[in-house]
Amino acid sequence: MDIFLQQIINGVVLGSIYALVALGYTMVYGILGLINFAHGEVVMVGALVAYTVMTALLPTGLPPVLLALLALLVAAPVCMALAWIIERYAYRPLRHAPKLAPLISAIGVSILLQNLAMMIWGRSYHAFPDILPPLHYDIGGAQITLLQVVTILLAAGTMAALAWLIQRTAMGQAMRATAENPAIAALMGVPVNRIITLTFVIGAALAALAGLMVGANYSVAHYYMGFMLGLKAFTAAVLGGIGNITGAMLGGLLLGLIESLGGGYIEDLTGGFLGSNYQDIFAFLVLISVLVFRPGGLMGERVSERA
Amino acid sequence: MLEVRDLHLHYGGIQAVKGISFSVGQGELVALIGANGAGKTSTLKALARMLPQATGRVHLNPVDGPAIDLMRLPAHELVTHGVALVPEGRGVFARQTVLENLKLGAFRVQDRHLVQQRLDELLERLPRLKERASQLAGTLSGGEQQMLAIARALMSAPKLLLLDEPSMGLAPIMVDRIFELITAARDSGVSILLVEQNARLALKVSHRAYVLESGRITLTGNSADLLQDDRVKAAYLGETVC
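Going line by line, the protein sequences match chains A and B.
All residue numbers for the first sequence refer to this note's numbering, where the first residue is 1 and numbers rise by one.
All residue numbers for the second sequence refer to this note's numbering, where the first residue is 1001 and numbers rise by one.
The following block holds chain A by itself, in its conformation from the complex (with noise of 0.2 Å):
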């Protein structure tokens, strides 16, 4: 077995999710400079909904496939909804403070989901059911599962409509004027609240998808899963260039690489003294590396504002 080509098609698999969950911190974070630290426990929200969705209605024999998609269709407007309470609630009433007092808020927010969480699915590891049948391809000595296409597929169609949306419509196009300066947005007729709101509510259903995804792929989900998850999406958008779309697809796919390639050579490198459950070990080398030598991170450049 290859195993380099196995860690680019695992890290390949791994980014997708990172892409996902990281779209979600970029575009809040372009359009309030806010990061938005309870977005990990949106996925780990989704996550747990889908699970709790698909195991209920597993009895009645339907397909996996179409439990999942049920799933789906009550987790993404589970998150969408919380997304929108928590900005409403936790984020908009503090837009004109200074800028530590959302953070702080969004941290609350976080540790207040995960013990609703821990009290709502408790403390165990749910094990997440088998969506498509354990299909998988050979190519060039590596093997990609069926669940492993699907999922680099649909995350890669859902980046393309989020792509479309934000470039091409006149909604998308109000957003990045609201990113880029949401006063005189306002003056052009944009609505702005609402606009952040859809902000943040795209990316829940972005986290919901993600959500079900890391559950179908490492076939876990428990309370704490977002903590980690997130960290690790914030790394992504951070490498890509945090407000920035493009960055934060591509920061998601390379950190998903670089930790795949880590995890799978660590033990080679260090002799055996790391084994690949330290591969957390790289993500977080890559976001202290962005932080100290191009903080913009690889995308962040800007247009200056005046010639």
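Simulated from the structure, these hints should not be mistaken for laboratory data.
Some hints could be false.
Derived contacts from chain B toward chain A, CB cut-off under 10 Å, selection only [claimed, not checked]:
hint, residue
1, G1105
2, F1107
3, V1109
4, D1111
5, L1114
6, R1152
7, A1157
8, L1201
Stretch by stretch, here's where chain A covers chain B in the computed footprint (C-beta under 8 Å, at least three residues) [stated by the list, open to error]:
hint, region
9, 1075 to 1083
10, 1091 to 1099
Every residue, glycine too, gets a C-beta built ideally from N, C-alpha and C.
Since the structure of chain A is already known, use the hints to place chain B on it.
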């Protein structure tokens, strides 16, 4: 068209505007002149609901409808009532193309044909913008950005246009171009409130003017008369009065 009564504005303990009253008639170009820090920009921003702490009575009296209390509207509804502001420093969206900026000016116009028609007309009149339609606005020169900012405001077909320091920081040749655009809007019947530091220019194009000093209106009259006024000459036109 615009009726302002007793407008007050506080900024963190400082009173920037101290109860001013003025009006802009239908199809009139009214200038608000004064030195730096006199409260001109603050006044415009208050009218555009960018400074919600402002108090006073501001009414819009369109010829074809009932009066509208501007102080009760959120900023993003102004444009639907025919009020457009061209902000100080131009405020174009640097990361969007010239074309996108223009289209955003008509964000609340539902009729796509109408938007396209206005766009074609404006680009026809402004070949410089037409050439640069697909460029990012941030790559334009200052004068071109000002032109774009005004054109963007015109995309909403405003009844009342608020212009904040349109000549600021521009080369004289560009100032002429910008003022051609403004006088063309005036001649087409748009009511205009022009805030301008270049008093001579403002008085030349306007019908009437108000002089603002430290948040109060100290002088008002027909622009032609003000141009001859000794106090205005001495304070704002840089002429020595014997």
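These are the hints, each one checked on the structure:
1. G1105: 6 Å, holds
2. F1107: 5 Å, holds
3. V1109: This interface hint holds because 9 Å falls under the 10 Å limit.
4. D1111: 13 Å, violated
5. L1114: Cβ of B:L1114 sits 14 Å from chain A, so the hint is violated.
6. R1152: 8 Å, holds
7. A1157: Interface hint status for B:A1157: violated (12 Å vs cutoff 10 Å).
8. L1201: 22 Å, violated
9. 1075 to 1083: holds (count 6)
10. 1091 to 1099: As far as the region 1091 to 1099 of chain B goes, the hint holds, because 5 residues have Cβ atoms under 8 Å from chain A.
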